[in-house]
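**Q** Could you slot chain B onto chain P? The hints should help.
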Amino acid sequence: MAHADLAGWIERHKDKLTSRWIDAVRADVRIQSDADLSDEGLRNHIPAVIEEVCELLRSATPPTISNTQEARVHAYIRFRQGYRVRDLVREISLLRLLLLDHLAQSLFEESLNVATESFVTAMRLIDAYIDEEISYAVSVYTETMKPHE
Amino acid sequence: MWPFDGSAVPPPSALRGPVSKRNKGKPWVMLEQDEFDKFVENYNQDYIYLLTRASRGEYHCLISSFTVLKDLYEVILKLHDTLNLEFRVVPYPFSFRASDELLKGFGFSPDQIAKIYGFLNFVKETHGKEFEQILEEGAPIKCVKVGGA
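Read top to bottom, the protein sequences are chains P and B.
Everything in the first sequence is counted per the numbering used here, starting at 1 for the first residue and increasing by one.
Everything in the second sequence is counted per the numbering used here, starting at 1001 for the first residue and increasing by one.
Here chain P stands alone, though its shape is the one from the complex:
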């Protein structure tokens, strides 16, 4: 079952979600790597990541290599920017929270008439997508920095 309505609900608020995510990252004192980045540098690839999440919901397919491209771009750019991996994980985690909170609000939108089953499936897809990015990021950081035998 596709979740086009939920995807549309997220996509319509993409800019607001991005701004809120920037505020959340700036406010999180545990994240240090963002200090030298402008808002534009911090925003980076997040709108494209949100769009990709929306595509995932529309197609209602689990994350695969093909439909998590923007997530990998985001992680890779952070790696190149010298971000600490724990900061990257935290900022991705903040994005997950924002997306799930926003998704939860859809339950109160009468016009959307979201079924519980659809909500739960969408939630799991977002969760799995974010986990894919974290897994990739951890690989890139840890495996590259490991001394070669």
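If you are wondering where the hints come from, they were derived from the structure by calculation, not from laboratory data.
A couple of the hints might just be wrong.
Pairwise CB distance ranges (calculated) [as the list claims (entries may be wrong)]:
| id | chain 1 | residue 1 | chain 2 | residue 2 | range |
| --- | --- | --- | --- | --- | --- |
| 1 | B | 1120 | P | 40 | 19 to 25 Å |
| 2 | P | 111 | B | 1030 | 53 to 59 Å |
| 3 | B | 1060 | P | 35 | 41 to 47 Å |
| 4 | P | 40 | B | 1030 | 41 to 47 Å |
| 5 | B | 1071 | P | 28 | 37 to 43 Å |
| 6 | B | 1137 | P | 35 | 40 to 46 Å |
| 7 | P | 41 | B | 1124 | 26 to 32 Å |
| 8 | B | 1049 | P | 93 | 35 to 41 Å |
| 9 | B | 1118 | P | 12 | 27 to 33 Å |
| 10 | B | 1133 | P | 97 | 27 to 33 Å |
| 11 | P | 36 | B | 1109 | 21 to 27 Å |
| 12 | P | 36 | B | 1045 | 26 to 32 Å |
| 13 | B | 1128 | P | 39 | 32 to 38 Å |
| 14 | P | 143 | B | 1030 | 17 to 23 Å |
Yeah, the Cβ is synthetic: ideal placement off N, Cα and C, and Gly gets one too.
**A** What follows is chain B alone, placed relative to chain P:
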């Protein structure tokens, strides 16, 4: 160097290894880490080569080359996911839409980046589909004469 000549891919005979307990009795594919590193390095070189062509406005047959390269990229990720291999060399993320930061990181100037994005528009105009959609469909694209993609 492009066009891809297949030299980066180990021959099938080299990929067959002993049956492993780890693979539950199925014959498993062996690929040495060094070979994998080389494979990734070649992919990265090809990727930059194709982006460089796009940055010069040399769009002829480029979509066909990107289609092949995307398959290679997915093979790399699949090998990494399923075998005991690591990203000692990180493959460049395949997607480059809305990735100014990424493209700047590769050393492309604003003019060159504009031409790279111009390629995406060119594909849309000549094929009536988005670049990503063509890649996703994976259908072979025939090169058209002068000025075609």
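**Q** Is the hinted range of 19 to 25 Å satisfied by the C-beta distance from residue 1120/B to residue 40/P?
**A** Distance hint for residue 1120/B, residue 40/P holds at roughly 21 Å.
**Q** Is the distance from the Cβ of residue 1071/B to the Cβ of residue 28/P consistent with 37 to 43 Å?
**A** holds (39 Å)
**Q** Does the Cβ pair residue 111/P, residue 1030/B satisfy 53 to 59 Å?
**A** With a Cβ separation near 56 Å, residue 111/P and residue 1030/B satisfy 53 to 59 Å, so the hint holds.
**Q** Just tell me: holds or violated, for the beta carbon distance of residue 143/P and residue 1030/B against 17 to 23 Å?
**A** At 19 Å between Cβs, range holds.
**Q** Does the beta carbon distance between residue 1128/B and residue 39/P stay inside 32 to 38 Å, or does it fall outside?
**A** The hint (32 to 38 Å, Cβ to Cβ) holds, given that residue 1128/B and residue 39/P are roughly 36 Å apart.
**Q** Would you say the C-beta atoms of residue 36/P and residue 1045/B sit inside 26 to 32 Å of each other?
**A** Given range 26 to 32 Å: holds, Cβ gap about 31 Å.
**Q** Looking only at beta-carbon atoms, does the pair residue 1137/B, residue 35/P fall within the given range of 40 to 46 Å?
**A** This hint holds: roughly 43 Å between Cβ atoms.
**Q** Given the hint of 26 to 32 Å, is the C-beta distance from residue 41/P to residue 1124/B inside that range or not?
**A** holds (28 Å)
**Q** Per the hint of 41 to 47 Å, is the separation of the Cβ atoms of residue 40/P and residue 1030/B within bounds?
**A** holds (46 Å)
**Q** Between the beta carbons of residue 36/P and residue 1109/B, is the distance compatible with 21 to 27 Å?
**A** holds (23 Å)
**Q** Verify the CB-CB distance for residue 1118/B and residue 12/P against the hinted window 27 to 33 Å.
**A** holds (29 Å)
**Q** When you take the CB atoms of residue 1049/B and residue 93/P, is the distance between them in 35 to 41 Å?
**A** At roughly 36 Å between Cβ atoms, residue 93/P and residue 1049/B fall inside 35 to 41 Å, so the hint holds.
Every hint from the earlier list agrees with this structure, and none is contradicted.
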